[in-house]
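Chemist: Hey, can you work out the whole structure from these sequences and the hints?
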Amino acid sequence: MSTNSSAFTIILGSSSMARRQILTEMGYEFTIMADAIVSRLKSTAQFEAEAHSTLLITADTVVVYEGIIREKPSSKEEAREFIKGYSGGQAEVVGSVLVTNLKTGKRKGGWDRAEVYFYNIPDEVIDSLINEGFTLNVAGGLMLEHPMTLPFVEAVVGTTDTVMGLPKALTEKCILEAL
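Using numbering that gives the first Met the number 0, the letters of the sequence shown map in sequence onto residues 0 to 178.
One or more hints might be untrue.
What the hints assert, rightly or not - If you anchor each label on the Cβ, the simulated ranges turn out as follows:
#	residue 1	residue 2	range
1	Q89	D122	18 to 24 Å
2	S14	D122	26 to 32 Å
3	F133	G109	23 to 29 Å
4	E28	G132	29 to 35 Å
5	E123	E77	17 to 23 Å
6	S127	L175	40 to 46 Å
What the hints assert, rightly or not - Below 25 Å or equal to it, Euclidean Cα-Cα: the simulated DSS-like pairs (lysine-lysine) are:
#	residue 1	residue 2
7	K105	K172
8	K167	K107
9	K71	K83
10	K102	K172
11	K167	K71
12	K167	K105
13	K107	K172
14	K167	K102
The set of hints was computed from the structure by calculation and includes no laboratory data.
Ideal placement from N, C-alpha and C gives every residue a C-beta, glycine not left out.
Modeler: In structure tokens, the structure reads:
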């Protein structure tokens with residue numbers, strides 16, 4: 000799926016483990032920079048002068064539940080409320096990707112969506128997920144790839160990589176268009 004990445008360098012502007020995994024699955028080699036560092040680097044002329052065909056990939060994800068946008072839960076209580084809401088129901092995940100060519104300034108982006116349908120999730124599973132702490136680090140408290148979550152996923156309409164935070168087809172399209 001990947002283009003010849005030796006012709007350019009990729010920086011992933013995200014600390015998300017899922018996004019790292021997906022970009023690796025796509026066959027790309029890349030370096031990782033935290034969001035705060037990327038913001039500073041993008042604004043310096045020195046970085047742009049040294050950016051020999053460097054692509055910066057950033058992404059964001061939100062969960063929409065009953066028409067309300069959910070980002071990362073701010074507390075364990077909010078995470079519990081989020082996950083209890085998904086139990087026996089459904090949520091929509093909307094992910095965006097922006098690829099910036101740091102040499103030319105060309106930017107290409109887009110969004111993708113997926114729906115996740117859940118079986119009933121027992122309270123003890125919700126408690127275990129929350130006590131692990133991972134739910135506080137992901138949009139809507141929804142970590143599809145977690146082994147305790149997967150058995151309670153009835154169906155995904157769309158792609159799991161969209162739910163995990165980096166839609167592969169969209170990312171590939173944006174990379175090609177930004178070159």
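Chemist: Does each hint hold? Answer for all of them.
Modeler: Here's how the hints hold up against the structure:
The hinted window of 18 to 24 Å between Q89 and D122 holds, with their beta carbons roughly 19 Å apart. Hint check: S14 to D122, Cβ distance near 30 Å, so the stated range 26 to 32 Å holds. Our hint of 23 to 29 Å for F133 and G109 holds, since their Cβ atoms are close to 27 Å apart. As the Cβ distance of E28 to G132 is approximately 30 Å, the hint placing it in 29 to 35 Å holds.
In this structure the supplied range 17 to 23 Å holds for E123 paired with E77, their Cβ-Cβ distance being about 19 Å. Range check, S127 to L175: Cβ separation about 42 Å, and the 40 to 46 Å hint holds. With a C-alpha separation of about 14 Å, the suggested pairing of K105 with K172 holds against the 25 Å cut-off. A distance of roughly 14 Å separates the Cα atoms of K167 and K107; the hinted pair therefore holds under the 25 Å criterion.
A hinted pair counts as satisfied when its Cα atoms are at most 25 Å apart, and K71 with K83 qualifies at roughly 15 Å. About 19 Å separates the Cα atoms of K102 and K172, which keeps this hinted pair within 25 Å; it holds. For the given pair, K167 sits about 22 Å from K71 by alpha-carbon distance, which is consistent with the 25 Å threshold. Restraint check for K167 and K105: satisfied, since their Cα atoms lie roughly 20 Å apart, inside the 25 Å limit.
The suggested pairing of K107 with K172 holds, with an alpha-carbon distance near 9 Å, which does not exceed 25 Å. Straight-line distance between C-alpha atoms of K167 and K102 comes to about 23 Å, which keeps the hinted pair within the 25 Å bound.
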